[in-house]
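Chemist: Below, each chain spelled out in residue letters.
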Amino acid sequence: MKKKGSKELMDKADILLAEIRTLAQSPFSIMEVCGTHTVAIAKNALRELLPKTIRLISGPGCPVCVTDNSDIDRYLYLAAQPNVMTVTFGDMIRVPGTKKNLQELRAEGADVRVVYSTQDALALARQNPSKEVVFLGIGFETTVPTVAVSIEIAKREGLSNYSVLSMHKVVPPVLKMLAEDDQLVVDAFLDPGHVCSIIGTGPIEFMAKDYGKPGVVTGFEALDILEGIVMLLRQRSEGRSEIEIQYQRVARAEGNPHAKQFIEKVFEPIDTFWRGMGLIPQSGLGIREDYGAWDAARKFALPVFHSQETPGCRCGEVLKGLIYPTECPLFARHCTPMKPVGPCMVSTEGSCAAYHRYSQRSVD
Amino acid sequence: MCLAIPAKIVTIDGSMAKVDMMGNERIVSIDLVPEVVMGEYVLIHAGFAISIIDDESAKETEELLLEVAKAYEEEGQ
Ligand code: SF4
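In order, the protein sequence lines correspond to chains A and B.
Counting along the first sequence from 1, when you hit position 99 you're at 91 in our numbering, and nothing is skipped either side.
Numbering-wise, our numbering comes out as the position in the second sequence, counting from 1, plus 1.
I should point out that these hints are in silico values taken from the structure, not numbers from a laboratory.
A few of these clues could be false.
[What the hints assert, rightly or not] Calculated cross-link-like contacts (lysine to aspartate or glutamate; reagent style EDC-like; alpha-carbon spacing at most 20 Å):
| no. | chain 1 | residue 1 | chain 2 | residue 2 |
| --- | --- | --- | --- | --- |
| 1 | B | LYS19 | A | ASP65 |
| 2 | A | LYS252 | B | GLU36 |
| 3 | A | LYS123 | A | GLU172 |
| 4 | B | LYS19 | B | ASP56 |
| 5 | A | LYS291 | A | ASP65 |
| 6 | A | LYS147 | A | ASP112 |
[Claimed, not checked] Just some of the chain B residues that point at chain A, by a computed CB distance under 8 Å:
| no. | residue |
| --- | --- |
| 7 | LEU4 |
| 8 | THR12 |
| 9 | ILE13 |
| 10 | ASP14 |
| 11 | GLY15 |
| 12 | GLY24 |
| 13 | ASN25 |
| 14 | GLU26 |
| 15 | VAL34 |
| 16 | MET39 |
| 17 | GLY40 |
| 18 | LEU44 |
| 19 | HIS46 |
| 20 | GLY48 |
| 21 | PHE49 |
| 22 | ILE51 |
Glycine is no exception: its CB is placed at the ideal position from the N, C-alpha and C atoms.
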């Protein structure tokens, strides 16, 4: 919390912190799965406020950061094709591939556009009928339904020059992988509030039931996060392992049924590679055959790339919570937000970028 | 990337709605929350309303956000 915040907020924070101090007598490691949580924790310097017994570990919840180098090289290959207009969210523009990034390709003459919404991507396709407009589909369940809607609209309108390169990922399989990883010592999870507002809590219940890893679906204000931590500590002291919802104003146990329907209709689960974590079964989303005409991978018969991880970059270990960004030898020396070596430093939600930006206050 | 911001539905036109996002007007898609009605609060992500915010806490959320925004301003950030 900022020191000069309003009195009432500070009082609430103090009450929560007091309870945390009482309950956190012995070590407790919590992974915040979502990149937006990582940013909120760093920005509000929550690590400094919490007792030493609480360890907050950043997880793989930055979609840009977990995108594998082979996927990056693949979309860069596509973006360099004549007559292709690549449309993307801003986060992707500086992510380095093996040789280049989108920004450099654009400087060389490729048509690369940044949009805020898939609605804007559809508008570009309508305005440029002679161009192949390809949207780079990156994101988790929060973003996926917005892409599914765009494909559905393109199909309905017969918009044949719009397609999506789907590199989407879903959260539950990576949680399972983390829960099964012996190297990783995490007692509990702050679950992603916006992903769960779509999928609900059903798909992550197994974490609490089968793996004994309690979770709390948490919002993104400092007070939300403190309350989420309190709820996890209460579960420990009461010997419970459940998935609870702190973020009740938005996330419901059943999620958003309309959004789930759109995802289900347009996408199907596929095995996919995550940076630093390898192949995770059924953790990606491919476009169903019915919508094949809007699938850029099919449409352009794209080759599969086998790219190496960026030399020296320890993003993979950062994403699994095995090291803090500051433990990467390149951190802040060779790798900075201005000149990023790895994607964890490019995306504003990447752990390395969050640590770097708020470093004076949040680095251990 | 999963960042989302609360907004209030001002008018609805088919699958699009005009929303008030902390004082700014925006046009967003409501394909994912077709049951939404005027005056309700929704969460906006990448130009789409992705969730209806519980009425009880919606005002509180907005107040909280405004408080936080004010606190940051005071800090000169
Ligand atoms: S500091 Fe840079 S090089 Fe090191 S892990 Fe993070 S992104 Fe990779």
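Chemist: Against each hint, give a clear statement of whether it holds in the structure.
Modeler: Taking the hints in turn, this is what the structure says about them:
no. : hint                : verdict
1   : LYS19/B / ASP65/A   : violated, 38 Å
2   : LYS252/A / GLU36/B  : holds, 15 Å
3   : LYS123/A / GLU172/A : violated, 46 Å
4   : LYS19/B / ASP56/B   : holds, 18 Å
5   : LYS291/A / ASP65/A  : holds, 17 Å
6   : LYS147/A / ASP112/A : holds, 16 Å
7   : LEU4                : holds, 5 Å
8   : THR12               : violated, 17 Å
9   : ILE13               : violated, 15 Å
10  : ASP14               : violated, 14 Å
11  : GLY15               : violated, 12 Å
12  : GLY24               : violated, 18 Å
13  : ASN25               : violated, 13 Å
14  : GLU26               : violated, 15 Å
15  : VAL34               : holds, 7 Å
16  : MET39               : violated, 18 Å
17  : GLY40               : violated, 16 Å
18  : LEU44               : holds, 6 Å
19  : HIS46               : holds, 6 Å
20  : GLY48               : holds, 3 Å
21  : PHE49               : holds, 4 Å
22  : ILE51               : holds, 6 Å
Hint compliance for this structure: hints 1, 3, 8, 9, 10, 11, 12, 13, 14, 16, 17 are not met, and every other hint is.
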